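Construct the entire structure; sequences and hints are all you get.
Numbering (this note's numbering), first residue to last: 325 to 926.
Hints are computed from structural coordinates only; laboratory data are not their basis.
Model, not experiment: these values are computed from the prediction.
Be aware that a few hints might be false.
Below, simulated DSS-like cross-link-like pairs (lysine-lysine); rule was C-alpha separation at most 27 Å, straight line [unchecked claim]:
1. Lys430 to Lys654
2. Lys542 to Lys658
3. Lys430 to Lys874
4. Lys638 to Lys580
5. Lys874 to Lys348
6. Lys352 to Lys658
7. Lys658 to Lys430
8. Lys862 to Lys654
9. Lys355 to Lys654
10. Lys352 to Lys430
11. Lys674 to Lys630
12. Lys542 to Lys654
13. Lys765 to Lys430
14. Lys848 to Lys791
15. Lys765 to Lys348
16. Lys874 to Lys355
17. Lys674 to Lys638
18. Lys862 to Lys765
19. Lys730 to Lys791
20. Lys658 to Lys874
21. Lys580 to Lys674
Here are the simulated distance ranges between beta carbons [stated by the list, open to error]:
22. Pro402 to Asp361: 24 to 32 Å
23. Arg345 to Ala519: 41 to 49 Å
24. Thr782 to Asn807: 19 to 27 Å
25. Trp449 to Pro854: 34 to 42 Å
26. Asn433 to Lys765: 18 to 26 Å
27. Pro788 to Ile716: 52 to 60 Å
28. Lys765 to Met629: 45 to 53 Å
29. Gln827 to Gly736: 23 to 31 Å
30. Thr782 to Gln755: 21 to 29 Å
Ideal placement from N, C-alpha and C gives every residue a C-beta, glycine not left out.
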Amino acid sequence: MTGRYQLKDEDEGDEGWVTLRYRKVMHKYLKPAGCDDVLIAITESGLDRVGYVPPGASSGNWRTNAEWWKTDDGSKDPIDYWRNGGRDPEVYFAEQLMWYDRELRKDPNVLGAVIFTVGYLDPTWKDYDIAGTRVIDHLLDYIRREAAVPNAAAGSRAASVATSPTPPPAAPAVQPAVVITPPASGQTAGANLLANGDFDDGQHYRWHNTPEIVIPNKWDFWHATHSMPYLPRQDQNFDPPECVVWNIAGAPAEEKNLFWLSGAYCLKIFKGWGAIWWRLFQNVGGLTPGQRYRFTAPIYPDLYMKFDALQGGKILADDPLAGEVRLSAKFGGKEIETGWLDGAQFPFGKYTFFALDFVVVGASAEVSVEGRGRWGLLNNGWFVDSLRLEAIGGAAPPAPGGNLLKNPVFTGGTYLPNSAVRNMEAPNGWQFWAADERTPKVSRQTESFRAPRAGVVTPATASPDDKDGLAGGLAQAYRVVGNWRAIWFSISQPLSGLTPGRQYRFTVQLMPDPVDKYGAGNAKQFAADPDSGEVWLKAQSAGQKTETLKRVTTDLAPGGYSTLTHDFTAATSEATVTLEVRARFALTQNAWYIASAGVSPL
325 MTGRYQLKDE DEGDEGWVTL RYRKVMHKYL KPAGCDDVLI AITESGLDRV GYVPPGASSG
385 NWRTNAEWWK TDDGSKDPID YWRNGGRDPE VYFAEQLMWY DRELRKDPNV LGAVIFTVGY
445 LDPTWKDYDI AGTRVIDHLL DYIRREAAVP NAAAGSRAAS VATSPTPPPA APAVQPAVVI
505 TPPASGQTAG ANLLANGDFD DGQHYRWHNT PEIVIPNKWD FWHATHSMPY LPRQDQNFDP
565 PECVVWNIAG APAEEKNLFW LSGAYCLKIF KGWGAIWWRL FQNVGGLTPG QRYRFTAPIY
625 PDLYMKFDAL QGGKILADDP LAGEVRLSAK FGGKEIETGW LDGAQFPFGK YTFFALDFVV
685 VGASAEVSVE GRGRWGLLNN GWFVDSLRLE AIGGAAPPAP GGNLLKNPVF TGGTYLPNSA
745 VRNMEAPNGW QFWAADERTP KVSRQTESFR APRAGVVTPA TASPDDKDGL AGGLAQAYRV
805 VGNWRAIWFS ISQPLSGLTP GRQYRFTVQL MPDPVDKYGA GNAKQFAADP DSGEVWLKAQ
865 SAGQKTETLK RVTTDLAPGG YSTLTHDFTA ATSEATVTLE VRARFALTQN AWYIASAGVS
925 PL
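Listed below in structure tokens is the structure:
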């Protein structure tokens, strides 16, 4: 009961009140709190009673519902099996659980769900038991089929999840595809690091022992199934494609100059009158950390709506969404991708050389190319040949030493980032952001965020409270404070002149001063709740975004300075580093002092 399948007429999107309810918690609480990476394990899943159902409907476990299910013609059922005429209640329940599993796999932080129940001791749960039924038989078959299939969340996170209010707006983790000119015949290029990149060892295998899906050796494969949710305007289920490692010797004469770029073999992926979505990928080892690589994938979308000899043969698809391509690279817990490109960016009926550039972290990467056609054309065909992965440029040379940040100890003056807020100053050279009353609250927060006071303090200008922030003889410090208010702020600085592939260290000296109340003699009593304050460092270079874990105030010894560091690799000559602080409780004093910040090469 998700989306439009509700007790009332409202559409709940990708969540529901009795099904996938955990997404409501994710969307409304965890994500705004910056906790969307919290792992979730669902300890009981299945069918059970609800307090209210539409007139004439059944409420109970799967055995209770079995006879009622048979009274429904299934024409509007979200489960393909029932909608297409299947009427075995045990298979239907298994299909519901399989659908649920596919939804869970769209959320990368969900570990899984435990079915209630397989076996029982208390007779109360007899009617819930699936042991010894066709339910568990079908589930076992499903698990065997899906064990090696990547989760739907592997490519990208669902866009429906609410975003946290963490400016400045970050560029999407997408590296634009490069359409390159194919090398001329005989032109030399860098060594191809892919195994069997041109498929010309002639060896292949049946993927998952499927006779219709033949894949070149050294490569792996994935395809969407009928249970994949529809894309916009899609009007039929995805079908398994057919795949052939095609020898040019068996091709018609008129096609030999079309689909083969080199050697004797190419890969053909196709389906007549079927919608397909496929992914071809390979894990490559022996890479050099910090080196820039280029993954090149020549693709020929053979997408035609009809064949008319009088009009020259194939009539190519006329809608750009008839064919889409995406390249990606995964390494070091990150993923860089091109985003989906469609027929508005490349032509159908000819090869386009797509390329994705990335700077690798670690010594291995998984590179992949995906194609999809959401409509059942007369021919939904794709040809792939001569894939390459090669190092480009040289190894990253050493970068000059020294602090690369401007105004690192805040002696260079300040400015007003918001002219309407006179007491909120930012250091010159830095960008400043702060949450306000419009920012959604996070977990356990009772009062809205409000703009802080911010500025540079010196011994001459510091109030008695601020003098603690100048401990150790500091000549100045940048202070951000909120009295009796919750605050959330960040300071960022863009960098240029970096060496792509070079590793850098972002360092901040910071002191939290979270005063819960003042005791005798104005002695500060610091907030003991770990959630009273948290801080983290971030870096972004091109599409590569990294950040530290959130450190809470109790980790940082309130009232004293701590040094925080974050190491990152520059993907291009530019990067942005950010310090972010959040204090969700309206303490007597929420003060944060920053003595210095720096970025230097490692």
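To see whether the hints hold, each was checked on the structure:
Pair hint Lys430 plus Lys654 holds up; C-alpha atoms about 18 Å apart against a cutoff of 27 Å. For the given pair, Lys542 sits about 23 Å from Lys658 by alpha-carbon distance, which is consistent with the 27 Å threshold. For the suggested pair Lys430 and Lys874, the alpha carbons sit about 25 Å apart, so the restraint of at most 27 Å is met. At roughly 16 Å between alpha-carbon atoms, Lys638 and Lys580 fall within 27 Å of each other, so this suggested pair holds.
Under the criterion of a C-alpha separation no larger than 27 Å, the hint pairing Lys874 with Lys348 is consistent with the structure, at around 23 Å. Between Lys352 and Lys658 the alpha-carbon distance is near 25 Å, which keeps this suggested pair within the 27 Å criterion. Distance hint between Lys658 and Lys430 is fulfilled; the C-alpha atoms sit about 17 Å from each other, no more than 27 Å. Between Lys862 and Lys654 the CA atoms are separated by roughly 20 Å; this keeps the pair inside 27 Å, and the hint holds.
Simply put, Lys355 and Lys654 have alpha-carbon atoms about 24 Å apart, close enough for the 27 Å limit, and the pair holds. Between Lys352 and Lys430, the direct Cα distance comes to roughly 18 Å. Compliance with the 27 Å bound is thereby established for this hinted pair. Of the supplied pair hints, the one linking Lys674 and Lys630 holds, its CA atoms being roughly 17 Å apart against a limit of 27 Å. A hinted pair counts as satisfied when its Cα atoms are at most 27 Å apart, and Lys542 with Lys654 qualifies at roughly 17 Å.
At most 27 Å may separate the alpha-carbon atoms for a hinted pair to count; Lys765 and Lys430 meet this at roughly 26 Å. Using a Cα cut-off of 27 Å, the hinted pair Lys848 and Lys791 holds, with the two alpha carbons roughly 13 Å apart. Taking the CA atoms of Lys765 and Lys348, the gap is about 15 Å. The hint holds against a cut of 27 Å. Simply put, Lys874 and Lys355 have alpha-carbon atoms about 14 Å apart, close enough for the 27 Å limit, and the pair holds.
Our distance criterion of 27 Å between C-alpha atoms is met by Lys674 and Lys638, whose separation comes to about 12 Å. Restraint check: the Cα-Cα separation between Lys862 and Lys765 comes to about 22 Å, which is no more than 27 Å; the hinted pair holds. For the suggested pair Lys730 and Lys791, the alpha carbons sit about 25 Å apart, so the restraint of at most 27 Å is met. With a CA separation close to 19 Å, the supplied pair Lys658 and Lys874 stays within the 27 Å bound.
Only pairs whose Cα atoms come within 27 Å are accepted, and Lys580 paired with Lys674 is accepted, the gap being roughly 13 Å. In this structure, Pro402 and Asp361 meet the distance hint of 24 to 32 Å, their C-beta atoms being roughly 29 Å apart. Taking the beta carbon of each, Arg345 and Ala519 are about 45 Å apart, inside 41 to 49 Å as hinted. The supplied range of 19 to 27 Å is met by Thr782 and Asn807, whose beta-carbon atoms lie about 20 Å from each other.
As the Cβ distance of Trp449 to Pro854 is approximately 39 Å, the hint placing it in 34 to 42 Å holds. The supplied range of 18 to 26 Å is met by Asn433 and Lys765, whose beta-carbon atoms lie about 21 Å from each other. The given range of 52 to 60 Å is respected by Pro788 and Ile716, whose C-beta atoms sit roughly 58 Å from each other. Our hint of 45 to 53 Å for Lys765 and Met629 holds, since their Cβ atoms are close to 52 Å apart.
Against the hinted window of 23 to 31 Å, the Cβ-Cβ separation of Gln827 and Gly736 comes to about 27 Å, which satisfies the hint. With their beta carbons about 23 Å apart, Thr782 and Gln755 fall inside the hinted range of 21 to 29 Å.
The structure shown violates none of the earlier numbered hints.
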